[in-house]
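Colleague: Sequence:
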Amino acid sequence: MSSRELVVLGTASQVPTRHRNHNGYVLLWDGQGIMFDPGEGTQRQMLRAGVAAHDLHRICVTHFHGDHSLGLAGVIQRLNLDRVPHSVTAHYPASGQRFFDRLRYATAYRETVALAEAPVAADGPLAATPAYTLAAQKLSHPVESYGYRLTEPDGRRMLPDLLAERGIRGPDVGRLQKEGVLGGVTLEEVSEARRGQRFAFVMDTRLCDGVYALAEGCDMLVIEATFLDEDEQLAADHGHLTAGQAARVAVDAGVRHLVLTHFSQRYPDPGVYEQQARAAGFDGELTVARDLTRVPLPKRT
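Each residue of the sequence shown is one higher than the one before, counting from 184 in our numbering.
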């Protein structure tokens, strides 16, 4: 199993269907679990997908429409029921604090988990860990909405042939990585720059600068494609994207793996989303998301 993968819990926009649950996504990243937009029914979808409450370390809500947030009450109560031993941080638009409060305390339960509230009020970094920096960018939707982006710090890739030439092996490799120089050999002499991976999550929005900023250079972009291209005006009126628009963003941003999701129930054939994304010029890895699928991040180049 990949140590970095997206677990898709639900892919429907507005209302669930017979085959699609409300939104819900979990990004597993080196032992950290980040949940995005838990819609109604997310707790049950977690069970079906094999995601435990203990896997979650952050919850990121893009905006407070029901299909992106009604599952918060159940997820938060499950964290407490299962007595998750670590703290969990919740990010959400600060303008929706009243909605978060209502969902957090929707019913009576016993609080056992340290749930930190970290509302988002502006573009920029939200948190920095050794594994990633989490940032937010404002989007364009009828209610305030933010997208999220993870950026791994750049690092170094060790080159075995050059290590062998200089007689560096075993524990000495780790010492060199930690100290930067060993026996007159510098880290730069036996390694090359390794670009950190990038992931972005873009939900309900029209085309705007924030969409492009979030998508830029991503290894994986998870993005809404609520409408098909023939309904582009309808998408704009309601603050959404079409399949072709999402794909063109990915092309312009140099995205490696595009994940389309958040589909309107008006379209019965999900294959059309792939057709329109390809017609828009995207030729990278493409996933038209289905409930309960796991999508590994692309391997490093």
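Just so you know, the hints here were simulated from the structure itself, not pulled from any lab data. One should not assume that every hint holds.
[Stated by the list, open to error] Restricting the straight-line Cα-Cα distance to at most 20 Å, the calculated cross-link-like pairs of lysine to any residue (SDA-like) are:
no.	residue 1	residue 2
1	Lys482	Gly393
2	Lys482	Lys361
3	Lys321	Asp337
4	Lys482	Ala463
5	Lys321	Arg339
6	Lys321	Leu309
7	Lys361	Ser374
8	Lys361	His440
9	Lys482	Gln380
10	Lys321	Ile351
11	Lys361	Ile351
12	Lys482	Ala305
13	Lys482	Arg187
14	Lys482	His440
15	Lys482	Lys321
16	Lys361	Pro336
17	Lys482	Thr470
18	Lys482	Ala273
19	Lys321	Pro308
Colleague: Let me make sure I understand: some of the numbered hints might not hold for this structure. Which ones are they, in numerical order?
Modeller: Violated: hints 1, 2, 3, 4, 5, 8, 10, 12, 15 and 18.
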